[in-house]
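Undergrad: Here is how the chains run, residue by residue.
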Amino acid sequence: MWISVLTAVAEQVVNRLITLEPVLKQDLRDAEHRVLAITLTDLKISCAFHYNGEHCFVYGNYQDSADCHITTSLDTVSELKDPSQLTRLIRANKLDLEGDIHLAQAYSKAFSNLKIDWAEHLSRYLGDAGAQQLVNSLGQSKAHAQKHCETFEQIFTQLCQDELNVTVHPLELEQFKSQTRALSQQLTALEQRFNALTD
Amino acid sequence: MKEENQDTTHFGYKTVESNQKESLVADVFHSVAAKYDIMNDFMSFGIHRLWKRQTIACSGVRKGHRVLDLAGGTGDLTAKFSQLVGDTGQVILGDINDSMLKVGRDKLRDLGLVNNIEYVQMNAQALPFPDNSIDVITIAFGLRNVTDKDEAIRSMYRVLKPGGRLLILEFSKTDNEALSKLYDFYSFNILPTMGKLVANDSESYRYLAESIRMHPDQETLKGMMETAGFEQASYQNFTGGIVALHRGFKY
Numbered sequence: 001m002w003i004s005v006l007t008a009v010a011e012q013v014v015n016r017l018i019t020l021e022p023v024l025k026q027d028l029r030d031a032e033h034r035v036l037a038i039t040l041t042d043l044k045i046s047c048a049f050h051y052n053g054e055h056c057f058v059y060g061n062y063q064d065s066a067d068c069h070i071t072t073s074l075d076t077v078s079e080l081k082d083p084s085q086l087t088r089l090i091r092a093n094k095l096d097l098e099g100d101i102h103l104a105q106a107y108s109k110a111f112s113n114l115k116i117d118w119a120e121h122l123s124r125y126l127g128d129a130g131a132q133q134l135v136n137s138l139g140q141s142k143a144h145a146q147k148h149c150e151t152f153e154q155i156f157t158q159l160c161q162d163e164l165n166v167t168v169h170p171l172e173l174e175q176f177k178s179q180t181r182a183l184s185q186q187l188t189a190l191e192q193r194f195n196a197l198t199d
Numbered sequence: 001m002k003e004e005n006q007d008t009t010h011f012g013y014k015t016v017e018s019n020q021k022e023s024l025v026a027d028v029f030h031s032v033a034a035k036y037d038i039m040n041d042f043m044s045f046g047i048h049r050l051w052k053r054q055t056i057a058c059s060g061v062r063k064g065h066r067v068l069d070l071a072g073g074t075g076d077l078t079a080k081f082s083q084l085v086g087d088t089g090q091v092i093l094g095d096i097n098d099s100m101l102k103v104g105r106d107k108l109r110d111l112g113l114v115n116n117i118e119y120v121q122m123n124a125q126a127l128p129f130p131d132n133s134i135d136v137i138t139i140a141f142g143l144r145n146v147t148d149k150d151e152a153i154r155s156m157y158r159v160l161k162p163g164g165r166l167l168i169l170e171f172s173k174t175d176n177e178a179l180s181k182l183y184d185f186y187s188f189n190i191l192p193t194m195g196k197l198v199a200n201d202s203e204s205y206r207y208l209a210e211s212i213r214m215h216p217d218q219e220t221l222k223g224m225m226e227t228a229g230f231e232q233a234s235y236q237n238f239t240g241g242i243v244a245l246h247r248g249f250k251y
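Which chain is which? The protein sequence lines are B and G, in order. First residue of the first sequence: 1, per full-length UniProt numbering; consecutive thereafter. First residue of the second sequence: 1, per full-length UniProt numbering; consecutive thereafter.
In case anyone wonders, no lab produced these hints; they're calculated from the structure. We treat Cβ as the ideally placed atom computed from N, Cα and C, and that holds for glycine. Incorrect hints may have been included.
Example chain G residues on the side facing chain B (calculated, C-beta under 10 Å, incomplete) [unchecked claim]:
#, residue
1, I56
2, G60
3, K80
4, T239
Can you build the whole structure from these sequences, using the hints too?
TA: Structure representation (structure tokens):
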């Protein structure tokens with residue numbers, strides 16, 4: 001039943017986007033009354049998108065035939081945003097596609113072209129100035145967060161690299177130990193030989 | 001499913017004359033029609049929307065299809081089907097009860113859904129359509145109120161086109177003992193009280209609980225569909241088997 005909840009939420013989000021961004025409606029024109037099904041092999045779930053020209057219906061546990069059926073894994077889904085990557089993903093065996101590739105490309109193109117003007121939409125509730133201020137602040141916060149993430153990533157990478165210079169690799173340690181053991185054995189043998197000669 | 005003998009049938013836990021059941025069921029739905037939607041949300045905590053979503057996902061309805069939403073009540077499924085079949089398709093909202101039909105028609109018109117919906121008062125046991133004329137039939141929470149369920153399923157089989165499918169969404173039986181006890185307590189104690197408070201009608205909701213217990217279980221209903229001629233009959237349980245969706249095809 002959880003898949004129904006997820007698809008219900010996804011349907012609300014997609015339809016909200018369709019209402020807010022008329023460009024999405026235009027881009028999805030080629031997908032009208034056709035069904036795009038997606039099966040995620042790692043999660044063992046399948047869902048489908050059925051756009052009727054006004055609303056998009058998102059189904060869970062879809063078992064019927066679709067105009068285009070994509071079988072892939074969850075980590076490849078983010079790459080579907082770029083329509084030009086579809087053929088590469090198919091060649092790399094990361095994606096299996098049955099049916100009309102143009103339908104998959106239509107969805108991919110529609111969502112990759114999506115640039116939501118949040119200030120415009122929020123201005124109805126906050127006024128023009130307030131909405132713009134909020135969007136700017138959020139944009140700045142996002143830029144700051146990204147910058148901090150990058151800095152942290154750099155520091156972490158540097159730390160790892162520094163650490164690499166002073167830390168002995170486990171294999172090296174193993175080799176050193178075996179060499180020391182061999183030397184110790186040789187020394188013991190030599191000592192015994194000395195003892196035998198002096199006696 | 002033959003109930004009792006040919007002249008009598010169940011009305012909840014009561015045994016009544018077969019020819020009386022329709023009017024008794026009609027009284028129940030005349031009484032609850034106005035508050036039907038709000039009570040559905042109250043009684044199921046909104047989960048009935050998820051059950052219906054899954055029914056739509058399993059319907060395979062496409063543009064141009066002719067869909068019959070039997071016992072369609074206030075038109076929850078019809079509203080979605082109407083958008084899916086487009087201008088070239090048609091949805092028939094059928095119900096035996098004119099009060100429910102009126103509520104459904106008003107609701108759908110308020111939603112702006114007027115182009116491709118027909119409202120027909122009909123008895124599921126004698127569907128007023130030619131043979132092989134409908135692509136998909138759904139009956140959601142309606143079959144248990146039908147006097148002769150076997151005859152109704154045969155009638156649905158007759159009007160379906162070859163390749164068409166029947167979907168029956170209905171209360172069913174849960175295997176989980178703890179859930180079953182909890183569900184029984186809820187059905188016979190809380191549900192009638194809620195009915196009394198919200199719709200000022202506890203008896204109708206007591207009938208609802210009783211009629212659910214008298215309805216055939218998953219396997220029996222699947223067998224009834226197969227007997228009527230449906231192929232690939234199968235079912236999926238929702239919410240631990242409290243509700244089940246049966247699906248069968250006509251080839």
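Undergrad: Each hint needs a verdict: does it hold in this structure or not?
TA: Checked hints:
1. I56: holds, 7 Å
2. G60: Holds, because the Cβ-Cβ distance from G60/G to chain B comes to roughly 4 Å (cut-off 10 Å).
3. K80: holds, 7 Å
4. T239: Nearest chain B Cβ about 7 Å off; hint holds.
Hint compliance for this structure: no hint is broken.
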